[in-house]
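**Student:** Okay, here's what each chain looks like letter by letter:
There are 2 protein chains.
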Amino acid sequence: MKTATVDDQIIRLLRKSQLSITDSRRIILEIFIQAGNALAHHDIESRTGDKFDRVTVYRTLHTFMEKGIIHTIPTTDNSIKYALCKDECAEGHHHDNHVHFICDHCGTTTCIDEIHVPAIQLPQGYRASQISMVVNGACVKCK
Amino acid sequence: MKTATVDDQIIRLLRKSQLSITDSRRIILEIFIQAGNALAHHDIESRTGDKFDRVTVYRTLHTFMEKGIIHTIPTTDNSIKYALCKDECAEGHHHDNHVHFICDHCGTTTCIDEIHVPAIQLPQGYRASQISMVVNGACVKCK
DNA sequence: GATCATTTGCAACAAAGTTGCAAATATTTG
DNA sequence: CAAATATTTGCAACTTTGTTGCAAATGATC
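Residue numbers (the working numbering), protein chains in the order written: chain A, 1 to 143; chain B, 144 to 286.
These aren't lab readings, by the way, just hints derived from the structure by calculation.
Owing to the predicted nature of the structure, the values given are computational and were not obtained by experimental measurement.
Ideal Cβ placement from N, Cα and C applies to all residues, glycine included.
Heads up, a few of these hints could be off.
A few chain A residues that face chain B, going by a derived Cβ cut-off under 10 Å, partial list only [unchecked claim]:
id : residue
1  : Thr-5
2  : Ile-73
3  : Asn-78
4  : Val-99
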């Protein structure tokens, strides 16, 4: 069965992150995997309905962040978007060195893994720890 | 007098944007000019005290955005930061093609005008309208 | 399967943002 | 310059978003 495989994958990921296997974590991870793109807290809430308390969703997202399972994408619309990390993300230390695309029409936010953030030369005195690049425009569907 | 000059500058800017000259607009613009870096809604509110209603600050920022007087800087902490645009910004159409720096220690957000966002090659089908680059790290003061 | 640690839901709250409407302030016009 | 008109502001009420403490429920361990 196909679902069983995804479920195995999820359980392995949670184990690896030293998290106990709970319904909310399983389901929220599944939502991320099925979505394939970045989701705001709100998106997750509307997808889980009233299966979980709002607070649980907040806490689950925080936990996933701490464990390096998801990462945030900066936006200008007062809504943090979260996306699944690739395997290289260590605990509390993200390497999401890829470009993010936000469609102005449908709002879909995608990680463009193929494209890395180009290096830049900062002025004297600045020290960079993280660089992120967000591209707005029209996505493949909305073009 | 020095203040008179700044005030003239502000009045000219508001006229140019076809906005009526009101206290809130004058004072909020002055705050931006004096700050020299990006400010969140909250920062402005704490600087104006109870001189204006909270709603007025929201509306003033929206108006400035529409008129291309300020632009937003994407952040991952659920707080939109606003910064003054350079003159090239047309109404509703921003060209803030520079790199933004957010200090992880003091939170100061600055526009690094000297450094332009490097061009990137998006995959087939995507069309970019705006690219923004945000660098996190330690600023000159906090290094 | 009992014990212990962790997670969840609930309630109550704080903060952030929005909307409609009347009063106040700007701008325009005679 | 003052009256007429247009715009902006403050207030009240509300929605949405995010947080915290604590008891009950669930998961892990032996």
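**Student:** Should the hint that Thr-5(A) touches chain B count as held when the rule is a Cβ pair under 10 Å?
**Tutor:** violated (28 Å)
**Student:** With chain B as the partner, please determine if Asn-78(A) meets the hint condition of a C-beta pair closer than 10 Å.
**Tutor:** holds (6 Å)
**Student:** Against chain B, is Ile-73(A) within 10 Å by beta-carbon distance?
**Tutor:** holds (7 Å)
**Student:** With chain B as the partner, please determine if Val-99(A) meets the hint condition of a C-beta pair closer than 10 Å.
**Tutor:** holds (6 Å)
In this structure, the one hint that does not hold is number 1.
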